[in-house]
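My numbering numbers the first residue of the sequence shown as 720 and each following residue consecutively.
Calculated from the structure, these hints are not laboratory results. Ideal Cβ placement from N, Cα and C applies to all residues, glycine included. Each hint should be verified, as a subset may be incorrect.
[Claimed, not checked] The calculated PhoX-like cross-link candidates involving lysine-lysine, where the alpha carbons are at most 20 angstroms apart (straight line), are:
| hint | residue 1 | residue 2 |
| --- | --- | --- |
| 1 | K882 | K918 |
| 2 | K918 | K929 |
| 3 | K882 | K929 |
[To be verified] If you anchor each label on the Cβ, the simulated ranges turn out as follows:
| hint | residue 1 | residue 2 | range |
| --- | --- | --- | --- |
| 4 | K732 | H830 | 17 to 23 angstroms |
| 5 | K882 | G915 | 21 to 27 angstroms |
| 6 | H749 | G780 | 17 to 23 angstroms |
| 7 | S755 | Q735 | 26 to 32 angstroms |
| 8 | M858 | L776 | 16 to 22 angstroms |
| 9 | E924 | Q897 | 18 to 24 angstroms |
| 10 | K882 | K918 | 16 to 22 angstroms |
| 11 | P836 | D779 | 41 to 47 angstroms |
| 12 | G878 | E924 | 15 to 21 angstroms |
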Amino acid sequence: MIEYANFFAQLNKQNQYQLLNLAITRQFVHDELIDSLGTKSDSVYVVANGRVKIFELSADGKEVILWFCSTGELFGFAETLVASTFSSHQIHAQACGLSELLVIDRADFEHFITGNPEAVLPVVQLLGFRLREVSEVLMDVTSSDVTSRVIRLLYRLGGLYGKSVNNGLRIDLVITHQEMADMIGTSRQTVTTVLGDLKRKGLVETEQRKIVIRDMDLMQCLLHRSDTINVQQDIPANKRMMETEH
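Please take these sequences and the hints and turn them into a complete structure.
Okay, here's the thing in structure tokens:
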């Protein structure tokens, strides 16, 4: 996870204690709608345990996932700015599995920020981070070629959740093909097909339900070459030969 995405971890112990005193703890079951995070949302949230999906509905009613929030991450604050700046649709938060959240009244949170200047920087960093994320989501959705979209998404997830392992960079996020599809505006079947092709070409593999990017530099190279990617043609010959030998 990008360091400044974990808002709670960036606070000092005193600020963490203050924030906990302002919060009530609530549990949400899988797929339970938590809130609609528009300009009138009355609460902000910190994920104590579990995972939360932040999404909007397109004009034709399809779900577009903007990002996920994991333990320590704040939501309901930056999303208000995103909703007013980028989106003509309401932004929603939904639990992915059993999740425990700290729920804080928005007015209390704003008072906490103004009374603790050292907490302002993490908020500003988070706002910038979310604005960059939604810009990347828009790029993913509007890319004309679906293979480009999948590769760009994998590259972005690798940057956000990547952990170096012996065989490459593991995305430490359990994400379904349907969730990936909802992040780039395509179908689950299409994502499954493209991932299968990338696996056969040796770009990615799956390890304990998590995706491993075997060559992050090659991923970046493919993205910079063209908006339309032919996986077979664009992989260097020596890479293809290695796969054939195996």
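Against the structure, the hints come out as follows:
Taking the CA atoms of K882 and K918, the gap is about 19 angstroms. The hint holds against a cut of 20 angstroms. Annotation: proposed proximity of K918 to K929 holds, straight-line Cα distance about 13 angstroms (limit 20 angstroms). Note on K882 and K929: the hinted pairing holds, with a Cα-Cα distance of about 11 angstroms set against a maximum of 20 angstroms. Taking the beta carbon of each, K732 and H830 are about 20 angstroms apart, inside 17 to 23 angstroms as hinted.
One distance hint, 21 to 27 angstroms for the beta-carbon pair K882 and G915, holds here, with the actual separation near 24 angstroms. Hint check: H749 to G780, Cβ distance near 21 angstroms, so the stated range 17 to 23 angstroms holds. For the pair S755 and Q735, the beta carbons lie near 28 angstroms from each other, so the given range of 26 to 32 angstroms is met. With their beta carbons about 20 angstroms apart, M858 and L776 fall inside the hinted range of 16 to 22 angstroms.
Distance hint check for E924 and Q897: the Cβ-Cβ separation is about 20 angstroms, which falls inside the suggested range of 18 to 24 angstroms. Hint check: K882 to K918, Cβ distance near 19 angstroms, so the stated range 16 to 22 angstroms holds. The hinted window of 41 to 47 angstroms between P836 and D779 holds, with their beta carbons roughly 45 angstroms apart. About 19 angstroms separates the C-beta atoms of G878 and E924, a value consistent with the hinted range of 15 to 21 angstroms.
This entry satisfies every hint, going by the numbered hints stated previously.
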